[in-house]
Amino acid sequence: MDISRRTKLLLPSLIILVVFFVFPIFLNLVMSLRSTRVNDIAGLQAYIKIFTDPYYLLVIGQTFGLGFVVTGITIILGYPVGYFLARTTSSYKSIFTFVIITPLLISIIIKCYGWMLILGRQGLINSSLLKIGLIKNPLELIYNWAGVIIAVVHVLFPFAILSISSVIEGIDITIEESARALGANPFRTFFHVTLPLSIQGIATGATLTFLLTIGSFVTVLMLGGKGTMVLPLLIYQQITVTFNEAFAAALGTSLMMIAIVLLMVQFKLLKRWT
Amino acid sequence: MSEARINLGLRIYVTVFLIFLAAPIVIVVFVSFNASSAILFPPRGFSLVWYKVLSGNEAILKSAYNSLKLASLSTLLSLGLGIPAAMSLVRYKFTGRELIQSFLLSPMTLPMIVIGLALLFFFAKTGIGLSFFSLLIGHVIITLPYVVRTVSGVYYGIGEEMEEMAMVLGAGPWRTFWYVTFPAIRPGIVAGAIFSFITSFDNVPISIFLTRTETNTLPVYIMSYLVYNFDPSVAAVSTLQLAFAMIVLWVLGKIYGLKKISMMGGG
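Keeping their order, the protein sequence lines are chains A and B. The first sequence begins at 1 in the numbering used here and counts up one residue at a time. The second sequence begins at 1001 in the numbering used here and counts up one residue at a time.
Rather than coming from a laboratory, the hints here were simulated on the basis of the structure. Keep in mind it's a predicted model, so treat the numbers as computed, not measured. It is possible that some hints are incorrect.
[Stated by the list, open to error] Quick list of in silico lysine-lysine cross-link-like pairs, BS3-like style, CA-CA up to 30 Å: (1) A:Lys268 / B:Lys1093; (2) A:Lys8 / B:Lys1052; (3) B:Lys1052 / B:Lys1069; (4) B:Lys1069 / A:Lys8; (5) B:Lys1125 / A:Lys49; (6) B:Lys1125 / A:Lys93.
Please work from the sequences and hints to get the whole structure.
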């Protein structure tokens, strides 16, 4: 009786995912191996092109580069905030938490639009700087890497801060206090006690940030420019501009494989640590 | 350096940081009440003109209606599918359980654009075609994992004693669920429902492949609108959306506490 009840409860979800998730992903893989009408390439040729052609290598490199830069900035700048959130006894704590969570509930489109208003040619920064005479011509702050990085970092900060602060909350504060009582200064305490104890959680947060960054699409589409091509955007272009289905499928499979490999590496690392 | 100075430094840093987090959101609200059509600073004075423009824009209202319908339905479907699945995963010990759990959560870990692309091929090749139904399916695939995660997360923390007792005392599975299990897992259900709704309502990478003019969603519409127009009616619709999110967050904070919500959503 147990088995049938268990199956009954699980089956609908499993069927939905197999039919509308696993099968489409599989179909995508099959499509990537088929020949295209345009170039008549078949088999692994699309993949060979992706991983040997200088342009596609550049795009892959840029995707990874964006991932590393954004992850680095997010973790390093977010760490003090996560630490503060975990350790503060301030009466304003609920306000801090509110300001950090609210962006999570707000559409990514609204946030990107906000950055356009701030960073655009006639935006807040440029119009203020022009008015006080600090610059003669507006600065190019969007439709380039600067705009993309600012917006992606902004989108991912709340995720990073919340995961960092939950890791730090898990560290017994008396360990830090003992280090201080034994004469270690705040910096020594941080680098020899707090940081080593939080590094595992940080690694998990960093992997997530990296994965979300290399998959980010809306921010790059809205705030990027001619030079800021990354894999997700290239996939979209193959469908809407070049109509090259097979190549889009191969790019999609490549992006998926990159994500899976990253997840596996993270899983292995976590296993070795624990 | 003294501890007091480090603390002061940290406080200043955190304040600057929070301003950075809030800036793009605050500016959108600000611009939506601006009288001028160009995005100029300082604003030309307070005005509701963009809300008036918005109320006359049928395409944007239609897309907002589509998005609300889509988010509500995909949330309901995800709850209907996800709650039983989560319960089964937590209560029944069987081989491969962890594998099935990871499988149910796996759509969360793949780049959404890949799922969108794969579904586009799927609906095209199978002849199902693009309709509201295909859009709904696409959204359920990415909202279902949130429900499974939040509900199973809460359910793991609850012992089976209460449920067993109810059964022993003669309650059937449905009665036990309704009077014992459901009240206990409600926070997980609420959190899952909220994350489902938000994920669906904001989604672009899946919708952009699966929408057609008549099934256009709000974020896809706003995005294409911004390509050709830059007027603040987008700011007005964003502000309304924001007000809605704030109210939801405030109500939830009152009921469950902000900390708990952030824990369920983090990661």
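Okay, the hints, checked on the actual structure:
{"no.": "1", "hint": "A:Lys268 / B:Lys1093", "in the structure": "holds (25 Å)"}
{"no.": "2", "hint": "A:Lys8 / B:Lys1052", "in the structure": "violated (51 Å)"}
{"no.": "3", "hint": "B:Lys1052 / B:Lys1069", "in the structure": "holds (23 Å)"}
{"no.": "4", "hint": "B:Lys1069 / A:Lys8", "in the structure": "holds (28 Å)"}
{"no.": "5", "hint": "B:Lys1125 / A:Lys49", "in the structure": "holds (25 Å)"}
{"no.": "6", "hint": "B:Lys1125 / A:Lys93", "in the structure": "violated (53 Å)"}
Going down the numbered hints, you'll see the structure goes against 2 and 6, while the others check out.
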